Structures are given as structure tokens and as C-alpha cells.
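Protein chains: 2
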Amino acid sequence: MKRTYIADLKDHVGQEVTIAGWLYNKRSSGKVRFVLVRDGTGICQATAFKPELDPAIFDLCDSLDQETSITVTGVVKAFEKAPGGFELGLKNLAIVGVSKDYPITPKEHGVAFLMENRHLWLRSSRQHAIMRIRHQVIRAVRDFFDDQGFTLIDSPILTANACEGTSTLFETEYFGEKAYLSQSGQLYNEAAAMAFGKVYCFGPTFRAEKSKTRRHLTEFWMVEPEVAFMDLEEDMDLAEAFIEFVVQRVLSRCAPELKVIERDVTKLANVKRPFPRLRYSDAMTFLAEKKAEFAKSDDEELRKLSADILKNGPGDDLGAADETAIGMSHDRPVMVHRYPAAVKAFYMKNDPADPNFALCVDVIAPEGVGEIIGGGQREEDLSVLEGKIAQHGLSGDAFKWYNDLRRYGSVPHSGFGMGIERMVGWVTGAHHVRETIPFPRMMEKIWP
Amino acid sequence: MKRTYIADLKDHVGQEVTIAGWLYNKRSSGKVRFVLVRDGTGICQATAFKPELDPAIFDLCDSLDQETSITVTGVVKAFEKAPGGFELGLKNLAIVGVSKDYPITPKEHGVAFLMENRHLWLRSSRQHAIMRIRHQVIRAVRDFFDDQGFTLIDSPILTANACEGTSTLFETEYFGEKAYLSQSGQLYNEAAAMAFGKVYCFGPTFRAEKSKTRRHLTEFWMVEPEVAFMDLEEDMDLAEAFIEFVVQRVLSRCAPELKVIERDVTKLANVKRPFPRLRYSDAMTFLAEKKAEFAKSDDEELRKLSADILKNGPGDDLGAADETAIGMSHDRPVMVHRYPAAVKAFYMKNDPADPNFALCVDVIAPEGVGEIIGGGQREEDLSVLEGKIAQHGLSGDAFKWYNDLRRYGSVPHSGFGMGIERMVGWVTGAHHVRETIPFPRMMEKIWP
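If you read the sequences in order, they're chains A and B.
Taking our numbering, I'd label the letters of the first sequence as residues 47 to 494.
Taking our numbering, I'd label the letters of the second sequence as residues 47 to 494.
These aren't lab readings, by the way, just hints derived from the structure by calculation.
These numbers come from a predicted model, not from an experiment.
Where a beta carbon is used, it is the ideal one built from N, C-alpha and C, also for glycine.
Hints are supplied without guarantee of correctness; some may be wrong.
Said to hold, decoys possible - Which stretches of chain B does chain A cover? Using the computed rule of at least three CB atoms under 8 Å from a CB of chain A, they are:
(1) 49-58
(2) 67-79
(3) 213-227
(4) 382-389
(5) 476-490
Model the full structure from these sequences, guided by the hints.
Right, here's the structure in full:
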């Protein structure tokens, strides 16, 4: 069948075309029927005038149910008020597949119901727009690294060693041995950086966490760059350039989708370098001030938040309330660096200026999104690294190959990881990450 | 540290720069030392003249071991005979990290040894070139679909239902339930095609097959497009346009890498549309002729192959020898279509012209690579599909959501899947797929 996509109608004004899609909506007014068709690339209004049509075709327009698949033939006209800016003067219409009692109607549905029907919910305009933005985020991520000469080195999903404890790992039997689903490609990335200089990996990662928050998925996509001869300061430069690029790309390419989801784009327009850089110790001072300030607020929400700020106590990782307080106080992401070494992973390099702190950075997004990037400089000294592995109670054998990277031409190196779903959550303003991935996997959700 | 990448030296002719990398090789000739440095973006020769240098620096050049990490400072000169076309007049050199007894030396090593040292083997020029080509293949794949308006819809890895039997599935516990690692995103892709029109997914897939052939990995990357309102003929059009695009892109962008691995590129230059299209029944006739022809050959290899041709018997799937015979008899991929329905998956649509055959296609690459694409048109009729699900002994419940796609506006639709590693194996001429992925996973290989 020769069919024209709705996104291409602009190239066919005055021509007769056939579009193929699904009934999105219909309206009727006297002798006129408006048939709205969606084909995945756009929505098009086809207008049927009773006096000009075979009565059977006209009646067919009235009989269509929501999501019936149809082909519609007609002449393309520019019409500013129509969705997409073009409409079809309907000449013919045929039903391809019926649709009786389509479960998702224009009325409000509960989230549980929509999640059970995720395979259909994706057809809805808001979910459609979010997924299109997700695609552009992913494309921007790849373009950013590809255009700067990074080599994509896919890290494995199935791994033999449980690098940071098994409590949050999915386990599988691998021909009689135990294997685990990867939580991060970083260790492999470090090997790749020594071979290719600048690398990134980008794939699904897995955490068997018993978390039910709006920020957690058990399966999510993560991009992780790693660069040889790069220190923490340059790592932060890379992270802020990267975030700016992705956000600005979405703004420039996804205007129609951002409009559909009614995103306040002024909040994204600000996302330009430089981002504030805050030492962990200064972040603590900042948070203590905010805690005091919010406690006195007339706003009950802020008083509640105040109670949760600095709950973890000094020397600990930041909590969700801490990240919220930092995020809401800035109009662009904040880079908090040099956390206490004790709360960070074994591979982080200690700050030579004060070894109690690690050369690491978390990037905290505004609008309550929380951490979107975690990264830092890696320990490159073999004996220090071996000491840390022992100190963390990890098996030395499992790290033999990883330690080789320090045996044969070790170099300073740094990188970071960014979770795609949190990034999409931020740029779309989706409150819950479950809407930012086509088929979300959560503690109680593995279907459809 | 201000450092210049070797790939960028062309922009710095006449300037003093510092490059940072690893000792790739060195040569000595009287008062001259040639220090070859690799930094992942290229290889650069730095030339040290004894009379012009601090004696300590000159001696350092002699002391360097393979893979020692170093920084080298000097002035960039164009020099056609040098690797990459530029060399550095060495002014300074510093060791960053030593490298004693680097295990991979220029002498020959066994594959088992190299695979155990995969984290280091990636630094070797051949492996480096193959991975760079892999990156360009992946980039070409994404560009092809992105530029044609496809939406990327990542399918989930963790799935609750074992769609085609559990014998080759990796299983994991999912918060008290059983879950499986995906073998294909196709079912999800079909849902996505009904929402977005043209979609693709692209991620790792898993097969717990007890195969030890050079064509099998347990973890491999697959790209799968799916298009609503597309029939088998258009599916074949898409597949051949796609393969041509990817191969020609590699030829145009990876000339240096193809040279490193000594690939005969004349065999790839032919890969232009149209590709031969062969019905399964005609393929059977063709194979019978080849079997007879090869049996009489003077070439022992061909006589051996002859014995294995058509071993499966008529009505069965093609075997490896069949694919080899078809591939070696053509200078570009061959599309074999309309296999017996009985040997294909339940979701394939039967050919209305003869329901014993399925509207499917396998694309067989030349040079003994075998099948690189499998695809076809999907059954869109609910009652026929339900019959097939029952006939295959599959649980109807597991497919409730999938069947919904036939309940609510079903349309004809088609797609295919291409394994990235076989594609990379073909374009690079790598004999074994283990060299086409950074960290291969095979039956007896999950480390490093």
C-alpha cells in the first residue's frame, strides 16, 4: 500500500494521499464529520462533507470506535487551525481492524489501571510525547560523546563477580555457575579507557532494590563515560557540558512534545554552564542554613522538609530531602563534590589534600529531581586500591583483571554515570520515573 | 593537564604539544630513539635526538617497557611516513605509570590466553580496530532508523513470561517470582509500532544455548525495527536498504581500521541493492544443485560441504552448511523468504497464497557468515493468533496483553531483527564472533 505519513503531509499539499492509522477522535456537525487519525508520527483531521461522499462512506465515519484502525484517502490542504497544520478533504475511508470497548477512554483512569495497560497507554498523547523526548535525550547523549571522539564500548550485562555486595543484585545460573546482572559498566569502562582513551558505555542496568519511591526502577538505562588522564575538575567540566547539551537539544528539537505535556520550558532554558560547584563541607553549611530558614517558614511543606534536612548527620551521604533542598534553591544543576570517602565506593580516589574525602561528584538537578549524575576520579595506585578492596571486605581474586589496569601503565582517570530515566523525568517534568521508560520494571511491576 | 589527542595533531602542526598515552613500541638507531605512543585515538611517533636532549630524558626513552604510561612533549611535524602522518620532535618525556612484564607481547599467543586477558587485549591494534568498526556499525544502525523517523522504544530485559519455551532462557528471581532475560524485544515492539508507527529497539539479548560455535554468544546486541501497515515485501525493501547503508557507511568511515585488519574491502563494495530474493522452495532447488556440483569438485572442502548440504531435509529450517553454500554463491546478501510455517515462530503470518508457508525472511550474508537478519510479517488476526498460541503449547494468559494489539485496531505489520555481532563479524571478516564484542559471553566464558 502506498501510504503517506502524517509527519510528511507538508510535502503533499494539493495532492491526494492515503494515510493509515487509528481513530484518535471524531466530531460531528450537521453534514460534516471530522475524523481525527493518529499514525504515530502525528495527528491529522480528515473532513467529510455529506453532499460530496458515497453515503456508505459517510455512515462509516459515524460508526468508528476509538482506536479502530483505518485508511483515509483525500486531498491535503494547509489549515492552520487543524492539529499539525494540515487537513484532509476526505474522499474515501476503510476500516482495517475494529476496536470494541477500548479500555483507555478520555475519562480519568487510575495509575494502576494504566500501568496494567501500558501496551495501550503508550498510544496516549502524553505518554507518546514523553517517549519521543526520551528518544531525543538518548540521541543527544550519543551525539555528544560520538562527536567528541569517544568510542562506544558496550560493557557486559552478565558478570561473574558481585563487585559491591550481592544484596541488590539479580542473580542467575550461568551453566552451573552463579552470575549477576550488571549494576554499572564502570569497571569494564576503565579497562576500555586504557585502550581507547575516551569511551562510554550505554545500556540497561539492574538493581534489585526493595524501594518503592518515584525515583526507583529495577531496570534502567545508564550512560557512563570514562576518560584516561582526566581529573575530577575536568570530569565536572565534562558533566556540565554534557547536561547543557542534552537539555538544550531537547528544547530545540522537542518543542511540540514539550507543549503536549505542558512543560514549563523557562525552567530548562536556564540550564547553561557554569553550574554551581559546592564542596560537601560547604553543602553541609548550606543545608544547615536552609534547615533553619525553612523551619521558620509559613509554608507547611517547607517546615516538613526542614525536619528531614540533615537527618543523616555529618559525614554521611546526602539524603533525599537534602538533595531536594539543594535542587530547589538553584535554577540549574548543582555539583556537590568531595564527599566523605567512607560513604563512597572503594574505587574512588581519596583527595590528596585531605584523604578523609573522595574526589567524587554528584550532580543534583533542580525541581526536586535529585541526583542525576554520580562520578569521580578513580584510584590509580595499585597498593592503595588493593588496600581499599580488602577494607571493603571484597574478594581480591574477583578484581585481578581490574587491578591489572594499575599494573600495566596506570594513569589518572575519571568518569561518571547518568541514569536516563531520571534525566527524562527532569526534562519532561514527569513526577514518577515509571512514565519515562516504555515498559517500567519496579518491585511489584514486571508486566506487561 | 593540557593534553592533545593524537587524532587532533593535524590541527597543531608547528606547535609544541603534550600527548599522554602508553608505549606502543620503540626503536633505536645510533643517536636517535623512536618512541611510539598510543593514546586510544591514534599512534604517534616521537623522535628523540641525543644531541638536543637532556641526557636523563634520552636515557628514559631506552628504559621504557611496553604499555608504560607516559606523557611526551614536542613540536608537531607533518611526516608522511610516520604512523598517522605526523611526528613529534621529542623535547620532554615523563613516566606516569610503569608496566613490568606486560603479558601480551608481539609474539603469537593462544586465543584462550588472549581471552583471559581481554581487558588488556583490547589495547592491541586489531582488537582496537574491530571495536572502532563496531562503534561505527552501531552508529550507522541508529542513524538509519533515526533519520527515517523511527522512534526508539527500548524493550525490557526482564520479562515475566517465557514466550518461546524456557530451555534457552536465563532465569532470575524477581522479588519472589520468576523472571527471564529477554531473547527479543519483538512482542513489545509490536505494541510500540501501534503507538508510534515506525519503531526500533536496540539492546542486549540473551540465549542460554549450549552452543560452542563461532557464531554464538550468550549475550549479544540486537536491533529490531517494526513498522505498522508494512507487509513482507516492504520489510525486505527495508532490510536491504538498511544493510546497504550500514556496510557503505563502514566503508566510508572506517578505511584506516579496515586497513589495520587487512579486510578485503572489494567484497563489501558490491553490497548494493537489489539483493537476490529467493523463495524457500527455490532455495531448496538451488541447494540440491550445489550439493551435486560440490560433490564432484576437486576441492576437498567443497566435497565436505556437499555432504552437509540439505542434511535437515525438505520442510525443515536451513542448516549452517545450507547457509554457507548460499552465501558463498553470491556476492551480496541473499534474502530467503517464505519458509515452512511449521519451523517458524507462532507469531509469523501464514502466506495467504499457501498457508503451509510463512511470510518470513532470513537474510544470509556472503563469505560464510550465515544468517544476519530474521524477520517477517506478523499474524494480525486475533483468532488465528490464539489458535497458533494454543498449537505451540503456550500459555494464553501470558499473551493477553499481546493479543490486545489484535483486539484494538489490529493492522498488518512487519519487522526484523539483526544481531550486531554477526554484522560486525561480516564487515570485519572476524572469523569468530568473540572478537566482535568488547567482553564476550559464551558458554564457558564469563570473565573478565
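Against the structure, the hints come out as follows:
1. 49-58: As far as the segment 49-58 of chain B goes, the hint holds, because 3 residues have Cβ atoms under 8 Å from chain A.
2. 67-79: This one holds; 3 residues, not fewer than the three required, reach chain A with a Cβ under 8 Å.
3. 213-227: holds (count 9)
4. 382-389: It is violated: at least three residues are needed, and the segment 382-389 of chain B offers just 0 whose Cβ sits closer than 8 Å to chain A.
5. 476-490: holds (count 6)
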